[in-house]
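A.B. asks: Residue numbers (this note's numbering), protein chains in the order written: chain S, 1 to 436; chain H, 1 to 436.
A few of these clues could be false.
No copy is singled out in the list; a pair is fine if it fits within one copy or between any two copies.
Unchecked claim - Capping the alpha-carbon separation at 30 Å, the derived lysine-lysine pairs in DSS-like fashion look like this:
#1 Lys191 x Lys388
#2 Lys434 x Lys335
#3 Lys167 x Lys434
#4 Lys252 x Lys353
#5 Lys186 x Lys338
#6 Lys433 x Lys366
#7 Lys390 x Lys434
#8 Lys199 x Lys414
Read the hints as simulated data drawn from the structure, not as lab findings.
Number of protein chains: 2
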Amino acid sequence: MEEKKKISVEPYRGTRDFYPEDMAVRNYLFAIMSSAVERYGYVQYDAPLLEETALYKAKSGEEIVNDQTYSFLDRGGRDVTIRPEMTPSVARMVARRRKELTFPLRWYSIPNLFRYERPQRGRVREHWQLNVDLFGVDSVGADIEIVSVAHNIMREFGAKEENFQIKVNDRRITNFLLDTYLGVDKESSYKLSKLIDRKLKMKEEDFVGQAREELGEKINLFVEFLNNADINNLPEEFAENEGVLALKKLLKDLNEIGISNISYDPIIMRGFDYYTGMVFELFDTGPENNRALFGGGRYDDLVNLFDVEKVSGVGFGMGDVTIKDYLETYDLLPKDLKSNTDLYVCVYSSEYKKEADILAHYLRGKGVNVVVDLTDRKISAQIKTADKEKIPFIVCVGEEEATKRRYKLKDLSKHEEREMDQDEIVEVIRKNKKER
Amino acid sequence: MEEKKKISVEPYRGTRDFYPEDMAVRNYLFAIMSSAVERYGYVQYDAPLLEETALYKAKSGEEIVNDQTYSFLDRGGRDVTIRPEMTPSVARMVARRRKELTFPLRWYSIPNLFRYERPQRGRVREHWQLNVDLFGVDSVGADIEIVSVAHNIMREFGAKEENFQIKVNDRRITNFLLDTYLGVDKESSYKLSKLIDRKLKMKEEDFVGQAREELGEKINLFVEFLNNADINNLPEEFAENEGVLALKKLLKDLNEIGISNISYDPIIMRGFDYYTGMVFELFDTGPENNRALFGGGRYDDLVNLFDVEKVSGVGFGMGDVTIKDYLETYDLLPKDLKSNTDLYVCVYSSEYKKEADILAHYLRGKGVNVVVDLTDRKISAQIKTADKEKIPFIVCVGEEEATKRRYKLKDLSKHEEREMDQDEIVEVIRKNKKER
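With the sequences and hints as input, model every part of the structure.
C.D. replies: Here it is, written out as structure tokens:
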């Protein structure tokens, strides 16, 4: 019945324990994410952690399903996968109630996701990701809103405009480039689009070499196109391309509402096969850590995988690890996340425990968060605990307090102490809460 | 590359989609749980969703690891399990920082958990569970606090004392009953303790039949003991039992702080093998649905599974499905969970979209949550959407509003409309938020 071998205390490789101080940071990140997207009227949803594997096979992009998922057979023989991303689940949920839902939908979620990766900086096996999606609006107005929401989150985190940058492209431009302008076949087109997606991670000579295999003498046109970041200076064949027209409007409108750290970049692809229109990525502009922080785009065919009428979608995902790294780099994480506990009640000796409980019971009823010490330690040790846990107020209960029902409330941040009754305690703590 | 077969829109068997209206209920449940336990100074933590299977094999109780877990080999050949419960993870986390942590710890978490079960009412494969634990206090004071916290959550949900009941036992009493009072061997003792745990789900004759196989003629003593619910009326051999003494103090102290819907019941066991002292369950007292809602107990040896100095623990877990059923039964779920969105901006035609965006941008900067309509539909259809989503305020932007920068703010709950400028809109909405 019992196993005597001692077990490892480490979390499973690539996952993280969230001790209370880590959880306070995570809760801070999630609170900012939620309030930033709720400013635009987005409402929260959630999907199951497990989905049938067929859902991801359908459209996630082959690489992700084959090498990186946690897939297995359940005890009934069903092939299931721990979600590696949220978009297939949300598309399924929208399809499931296609007829009952009132469009447009503005939905968000902050799920945990799993990928089997070799753990390294910024790459973990379990991470959380804010997912923001707008369903049911085809026009570029929805793309503009989604990019604005992404921008607003960065602002709400305190990031300065010069410290991040949004790069935007449109799959319709890339498709036209490959299929029509360069005129390659479907297979080459797919290979080249994957190659563009990896461009930043490759040596230029390897990139050109691999592209030349598909393109032959057209390689120069291809490289020239990708090196041009001016949407108003494209080859004339692109003049009427829908992606180009939409991007021009997007850049103009965003500039008008004051978002200027955004530009066109033809190498922005986003990995997933399911994007059909605008795609964007948000970059850290720091010279030493020029990295993509997060991104998203338009996927008009995803809900269509299910047997329902088409619904267009546009959205993005923002991971907790990358954004936390970014905020640390720019010193934007709050230094001193206060305890949610308001008051620590110390007890001089066990005979006054009941008095302490009566006081705590009264205060809790008034909305004050109270710990009563249970340890029977010396008062100084009890006070030290309260201090270490950053609880802002302390009272000690002994014979005098039990008799007079008046208490010396210590304010640990101000090193002040003042005698008062229980209702004054409530008042002082409420006032302090408002100021925090 | 693409699969043409249409995929199912249903969630994986035994799991739930949380559409925004479901998520609002879940967020309500979690908010009450969090605030109720934070009243007692508990702080939030989290652990990874996946753990190595060895962690659960060690002490969870055989049945749970063998038949009900989602266990599989990862791509590196490690045996991993999606957590079926939180206690082993939290014990691992405490052991991992045994030396750095300042005890006592008051910790809580609201993780999702997985069990492979045949789905039925109240039994799903994925559920969420509030876990509340107090580590590092051996004395009955900690047991009393944990039971008080459980009681307080029910009160915060609005449950009346007569509609629920706490039943409490102590494993030290059961162990003494089996090992000393009845004097059976280890194997029989284990079988009988499992049998007591299943008693409520069995026919009395089956229970007695199976117990007789282990006990022979002592069966009457056993049945008699289990039928007695008066802690002051136990056989005299139990007079000095530590469990009995602790339970007497617990019942007395809880009565003194006003918790009277609690009583001793010798058949309360809680399934897990790891409990060592007090165990309790909270029951619905409704005659038609007399069911256990949740429970917990003391587990002083769990952290000891790891190679660290002993830490005592006491805690409980409360599932989301059962508590939601209970709250529905007693009509305690809030009827009308308001939208977090404050204002819906309707647009008379696309030429006024920019004006609408400027207004929305200003209001968002003042903390107002604003949706701007993107659909180009008729005004009446736009208003209908706002109404359906229970957004409390509406303004419509057209030529007059664009020129005068004054807006008719409609209050949908009061069917009122009043003209004002943007700062008055902020003021009215802030006032309304406070009143909600």
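A.B. asks: Are the hints correct? Go through all of them and say.
C.D. replies: Comparing the hints with the structure gives:
Taking the shortest alpha-carbon separations for Lys191 and Lys388, neither the intra-copy value of 57 Å nor the inter-copy value of 46 Å comes in at or below 30 Å. In this assembly of identical chains, the alpha carbons of Lys434 and Lys335 lie at most 30 Å apart whether taken from the same copy (19 Å) or from different copies (29 Å). In this assembly of identical chains, the alpha carbons of Lys167 and Lys434 never lie at most 30 Å apart, being 40 Å within a copy and 40 Å across copies at closest. In this homomeric assembly, Lys252 and Lys353 come within 30 Å of each other (Cα to Cα) only across copies, at 14 Å, whereas the closest approach inside a single copy is 68 Å.
Taking the shortest alpha-carbon separations for Lys186 and Lys338, neither the intra-copy value of 57 Å nor the inter-copy value of 50 Å comes in at or below 30 Å. Proximity of Lys433 and Lys366 under a CA criterion of 30 Å is satisfied in both settings, with 13 Å inside one chain copy and 21 Å between copies. For the homomeric pair Lys390 and Lys434, the shortest alpha-carbon distances inside one copy (17 Å) and between copies (29 Å) are both at most 30 Å. Taking the shortest alpha-carbon separations for Lys199 and Lys414, neither the intra-copy value of 56 Å nor the inter-copy value of 58 Å comes in at or below 30 Å.
In this structure, the earlier hints numbered 1, 3, 5 and 8 are contradicted, and the remaining ones agree with it.
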